[in-house]
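With these hints in hand, go ahead and build the complete structure from the sequences.
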Amino acid sequence: MGKKGVLLVNLGTPDSPEVSDVRRYLDEFLMDERVIDINAFNRTLLVKGIIVPFRSPKTSKLYKEIWDENGSPLLYYSKIQAALVQEQLGPDYHVELAMRYQSPSIETALANMKAGLVESIQVIPLFPQYASASTGSVIQKVMEIIGKWQTIPPISFVNSFHDNEVMIDTFADNARKFQPETYDQILFSFHGLPERQLKKCDHSGNHCLKTENCCAALTDVNKFCYSAQCHDTARLIAERLNIPEDRYSVCFQSRLGKEPWVQPYTTDTLKALAARGKKRLLVFCPAFVADCLETLYEVTVEYGEEFKALGGEEVQLVPSLNDSPKWISGLVKMVTDQHSSVYTSPDI
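FYI, the numbering for the sequence shown is 1 to 348, going by UniProt numbering.
By construction, these hints were calculated from the structure, which means they are not laboratory data. There may be inaccurate statements among the hints.
As the list claims (entries may be wrong) - Computed cross-link-like contacts, EDC-like style, restricted to lysine to aspartate or glutamate with a CA-CA straight-line distance of at most 16 angstroms:
id, residue 1, residue 2
1, 278, 239
2, 64, 107
3, 48, 21
4, 278, 163
Unchecked claim - Okay, the calculated beta carbon distance ranges per label pair:
id, residue 1, residue 2, range
5, 203, 91, 36 to 46 angstroms
6, 178, 150, 32 to 42 angstroms
7, 268, 181, 18 to 28 angstroms
8, 1, 68, 48 to 58 angstroms
9, 182, 117, 33 to 43 angstroms
10, 107, 46, 20 to 30 angstroms
Virtual Cβ for every residue (Gly too), placed ideally from N, Cα, C.
Below you can see the structure in the form of structure tokens.
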């Protein structure tokens, strides 16, 4: 029997923090039709004519703030995760790491699996909550590549793991080191999306953003909604830490452009909390399984400075899952559970 293939896919990172590499990364990322979901002509004008030329130098400076001797933190921790998963799964598995944008590419990873004669491929996009712009984009890209193969092996995808118990436990463990009960408020800050992308995921056509709290509880109607899954992740982590509802807030960061994105925005939440006299905030970013620009700079530096300017005293980031042994065991279990349910003979 051949090996079982496992493809772990994260978002991506520039090859270096230099402007040219950042420009190349942003161009590939933002030209994705699922990321900026407007017609191709307008997307090209917007991305290549406005966003990339103006944002690349600014974003380059931000990447230089978090780049260290190990390079990009996102790529560094992703490589460790893949290596440790391979180690624990053993020789019956072939584990590859890929980035949706830039290196290592999905094309290269799948080619390596093909050359390794894997008997099946399991794809795990490393995004806990499903979004068309992240998980959906990975699935589409993989299917486009493998769809051109003459022989297509059995293939499966992990759609989301927003309620994965090991992930929840690991974030809770990371937070306990900071004594959450000593903070004035707990923030769960997730990566933002345009509201139009949420509406597109509402297959009923009559639920999304129709009421103020449409994402507060996960139901059959909104089970694929990114925002609803984010709220569910926050609720589960809060419950694990015995944090009451009035002591935590769910918000969304990284807004791009002027049109409405998922709300409340993290910046607005900071202003509201400062106005209420809150001084110390503990912040989770459970949309990421590895620390990156959005956690290490946007939260720690930008929001930290913003909150202090508003009269606050401290914004403390809860580290992401990174190389936590517990999280690695959770990834391994995700692989073996799905392989057993998808590929095991019913007679066993």
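Against the structure, the hints:
1. 278 / 239: Violated, because 22 angstroms separates the two Cα atoms, which is more than 16 angstroms.
2. 64 / 107: 28 angstroms, violated
3. 48 / 21: 15 angstroms, holds
4. 278 / 163: 29 angstroms, violated
5. 203 / 91: 36 to 46 angstroms: 42 angstroms, holds
6. 178 / 150: 32 to 42 angstroms: Distance hint for residue 178, residue 150 is violated at roughly 53 angstroms.
7. 268 / 181: 18 to 28 angstroms: Cβ of residue 268 to Cβ of residue 181: about 25 angstroms, so the range 18 to 28 angstroms holds.
8. 1 / 68: 48 to 58 angstroms: Given about 42 angstroms between the Cβ atoms, the range is violated.
9. 182 / 117: 33 to 43 angstroms: 54 angstroms, violated
10. 107 / 46: 20 to 30 angstroms: 26 angstroms, holds
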